[in-house]
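Peer 1: Spelled out from the first residue to the last, the chains are:
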Amino acid sequence: MRGAPGEVTLLLRNFQPGDNSTATRLMELIYPELKKLAQGRFRGERSCQVLQPTALVHEAYLRLVEHKQHNWESRAHFYGAAANLMRRILIDCARARAADKREGERSAISLDQALAWSDEQSTDLLELDQALCELEQLSPRQARVVELRYFTGLSVPEVARALGVNPRSVDRDWATALAWLRGRLKP
Amino acid sequence: MSERWDKVTSLFGAARALDLHLRDAFLRIACDNDDNLRREVEALLSTDVTDDGFMEDAPWAELGRVLVDRSLEPGQVLKDRYRVEEELATGGQALVYRACDQLLGRLVVIKLMRAEGRRNRSLKSRFEQEMQALAHIDHPGVVGILDVGELDDGSPFLVIQHIPGTSLREALSRGPLPWPRAAAILRQIGAALEAAHSAGIAHQDLKPENVMLQQREGGAETVRLIDFGIAKIDASGNKPRLTTVMVAGTVRYMAPEQFDGKNSTACDIYSLGLVACEMLCGHPNVRALPDEISRETKAALEEALAFRPEDRPADVHAWCERLAETLVIGRKHHFRRLAVAIVLSAILVTGAAAATKWYLNYSREAVRIVEKVGAFDPLTEGFKTHSDILGTVTENPTRTGYDGWTIFTGKLGYYFHSFTTAQKRRALDRGWKMTAVMKVDEGMMTTGVDFTGVGGRFDINLILDGNREIVRLLTQIVPDTRGLEIVQTPARAYHRYELIYDPSLKSADLWIDGERRLTDYRGHNQFLEDRGLMFGGAVYKSDRSAGSYQSVRVEINP
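First to last, the sequence lines map onto chains S and A.
Take any residue in the first sequence, note its place counting from 1, add 1, and you have its number in this note's numbering.
Take any residue in the second sequence, note its place counting from 1, add 1, and you have its number in this note's numbering.
In short, the hints are calculated from the structure, not lab data.
Hints may be right or wrong, so weigh each one.
To be verified - Here are the simulated EDC-like pairs of lysine to aspartate or glutamate, each with C-alpha atoms no more than 20 Å apart in a straight line:
1. A:Lys434 - A:Asp503
2. S:Lys187 - A:Asp544
3. S:Lys37 - A:Glu74
4. A:Lys8 - S:Asp172
5. S:Lys37 - A:Glu88
6. S:Lys187 - A:Asp53
7. A:Lys412 - S:Asp20
8. A:Lys542 - A:Asp466
9. A:Lys542 - S:Asp20
10. A:Lys80 - A:Asp53
11. S:Lys37 - S:Glu74
12. A:Lys8 - S:Glu137
13. A:Lys412 - A:Asp544
14. A:Lys263 - A:Glu57
15. S:Lys187 - A:Glu41
16. A:Lys8 - S:Asp20
Claimed, not checked - The calculated label-pair distances, taken between Cβ atoms and stated as ranges, are:
17. A:Arg217 - S:Asn15: 33 to 43 Å
18. S:Ala56 - A:Pro75: 24 to 34 Å
19. A:Glu486 - S:Leu63: 42 to 52 Å
20. A:Ala200 - S:Glu74: 57 to 67 Å
21. S:Asn72 - A:Leu506: 22 to 32 Å
22. S:Gln17 - A:Leu380: 35 to 45 Å
23. A:Gly76 - S:Leu63: 30 to 40 Å
24. S:Asn15 - A:Phe528: 27 to 37 Å
25. S:Leu63 - A:Gln77: 27 to 37 Å
26. S:Ala56 - A:Phe528: 53 to 63 Å
Glycine included, every Cβ here is placed at the ideal spot set by N, Cα and C.
Let the hints inform the model, and build the full structure from the sequences given.
Peer 2: Here is the structure:
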């Protein structure tokens, strides 16, 4: 990767919340690294059912961010970008699948294909994404907590470290977000 | 965080720590008389269940499928028939292997979609459709798909004829080609594409990597096109998405409409025009062609590179023949024309030379006079800069997707491309249209046309104001800025803005994403600096601005 560690470090140093173009660039740099790490772990394996995103993100962080820059702020931005990236990848998958399904309904498809398409989870993910966007309007921080917890599998203390806040407030944010999402998604 | 939600969160946090029988009393006191607040907290408490498994595990297996490429190992046999020999190349979209077809005892190429492509579950059936379609093309220049299959995890793969030889990309790595060779290659590509187009199939990803050159005895060269229609299979008509954007193939040779997912045989002509430019000068850019390229050659290339697909030549074979012809003739008259050019340039004022850079063709339905598309640097597209552009980045520097040009500016910084007086007169006389696909990320982006000397200026300002965005058509800059305004949300998203000027009304309408939003905009007459088409950032409640453009262009009615 062309000078990625330097660029990631620099982007993190100048990161301003809400700076979309920096966040996008950051994701572009993190993505290939995550892929490489995932690839290294699963090379030659028959399937990759069990993936530990937390470990991947952590390793990517150590590789992409210069050591002297390791502070909670750069960590928070990096984990935030990685979590957002994971969310987008999964949502894209779900969306592609939903689009396939729609297309399949229009044209005649075989039973096998129809079975392969009936994947309830992808619909749930799209609804979750939509709900998360709404939660973001209420509380950007709670949406971040959900991204970090759910999409990268960080524990409460890890989220607290990444966001530089008290674990108790992460706990409360997570509980609030879950209760709200549950009400929103499971009527 | 909104203050109210903050309150809801803290009350919820406090209430859930209490025993059930105490909660009611607590909320009655804590919420005072705010019943709505109390109901909101109670709603959260009612869905505060801990052990229902809700959101316990993210679909990480799915993530694994996207992140991990399933590779093949040498010696592995697919479909009891194809024995993998070695990995050939790691392309952007596919893993490519050479394999031996043990049934027929010949070499084949196996193409395995990268993990991202495999998410698309209908890929295999599309492969099959494509294989059947290609089977109808009977032309040696079109390399078809021999077979399709599926790995045990469902990832589809393609079996393609193995073509020994080198790609045009490799040939170009040693520099531009001699014209006769370029002409011969063009003719063969034309014939192969013609065969496909008449069967209703477009290649859709024509680039030097997909043009294979096979040396024959006696020095002749056979051209064969690979990867037919595979781009279509990948794109599947969906809008580009983030992960797709990061992994798709090169966009350098894509026709503008392909960015919107519109594919047709006209895309191939556009791509071929760029490939031809690259064969002639080493760059897929018509503006990079050296002076010794004849006017006829350039004109033919520009036809193929017309912005609108319907303006491009319909018959690819005839066009290739014509282009090849200009190269051969151009060769013959090379010295004579050069001599004429030297004499002419001594006589002509330099201003005339600048005018030839413009792409003008009055025979077309609408005349596109200036444009900038995708991630290409405006400076190489003939634009100049004004004052403090702090920096620019391509939206996607690897050029692997739907690209834009992002501009960071200080107080005021923009790119501009002036108009000639004739163009200005014509525009105001016949009507014009300015189209910009843009967004603002910080401060204010301004995009406008300036008809100094003949008329006034028309500016669209996009202003980021918190979470909303003000779209303003400027009517006055000093002493204070004024204009016709609308507000749109959400902010920071790309939209297509069109300013369409009606000469009979002497005013313009603003259309956003195909809807008329403001009418009767008559522009203004301040800061007339003869900038023509301008786009960039200006200061607004912040000391810098940032925004991106996917495309900007100006067209004049014929």
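Peer 1: Next step is simple, just say for each hint if it's right about the structure.
Peer 2: Hint-by-hint comparison with the structure:
1. A:Lys434 - A:Asp503: Judged against 20 Å, a Cα distance of about 9 Å means the pair holds.
2. S:Lys187 - A:Asp544: 46 Å, violated
3. S:Lys37 - A:Glu74: With a Cα-Cα distance of about 18 Å, the restraint between Lys37 of chain S and Glu74 of chain A holds, given a limit of 20 Å.
4. A:Lys8 - S:Asp172: With Cα atoms ~16 Å apart, Lys8 of chain A and Asp172 of chain S stay inside 20 Å; holds.
5. S:Lys37 - A:Glu88: 18 Å, holds
6. S:Lys187 - A:Asp53: 11 Å, holds
7. A:Lys412 - S:Asp20: Holds - the C-alpha atoms of Asp20 of chain S and Lys412 of chain A are around 19 Å apart, at most 20 Å.
8. A:Lys542 - A:Asp466: 9 Å, holds
9. A:Lys542 - S:Asp20: 16 Å, holds
10. A:Lys80 - A:Asp53: The given pair, whose Cα atoms are some 44 Å apart, is violated under the 20 Å limit.
11. S:Lys37 - S:Glu74: 25 Å, violated
12. A:Lys8 - S:Glu137: OK: Lys8 of chain A and Glu137 of chain S at ~16 Å, within 20 Å.
13. A:Lys412 - A:Asp544: 6 Å, holds
14. A:Lys263 - A:Glu57: Violated, because 41 Å separates the two Cα atoms, which is more than 20 Å.
15. S:Lys187 - A:Glu41: Given pair Lys187 of chain S, Glu41 of chain A holds - Cα atoms ~16 Å apart, limit 20 Å.
16. A:Lys8 - S:Asp20: Outside the cut-off at roughly 27 Å; violated.
17. A:Arg217 - S:Asn15: 33 to 43 Å: At roughly 57 Å between Cβ atoms, Asn15 of chain S and Arg217 of chain A fall outside 33 to 43 Å, so the hint is violated.
18. S:Ala56 - A:Pro75: 24 to 34 Å: 30 Å, holds
19. A:Glu486 - S:Leu63: 42 to 52 Å: At 49 Å between Cβs, range holds.
20. A:Ala200 - S:Glu74: 57 to 67 Å: 59 Å, holds
21. S:Asn72 - A:Leu506: 22 to 32 Å: 60 Å, violated
22. S:Gln17 - A:Leu380: 35 to 45 Å: Since Gln17 of chain S and Leu380 of chain A have Cβ atoms about 28 Å apart, the given range 35 to 45 Å is violated.
23. A:Gly76 - S:Leu63: 30 to 40 Å: At roughly 36 Å between Cβ atoms, Leu63 of chain S and Gly76 of chain A fall inside 30 to 40 Å, so the hint holds.
24. S:Asn15 - A:Phe528: 27 to 37 Å: At 32 Å between Cβs, range holds.
25. S:Leu63 - A:Gln77: 27 to 37 Å: Between Leu63 of chain S and Gln77 of chain A, where Cβ atoms are some 34 Å apart, the hint holds.
26. S:Ala56 - A:Phe528: 53 to 63 Å: Between Ala56 of chain S and Phe528 of chain A, where Cβ atoms are some 57 Å apart, the hint holds.
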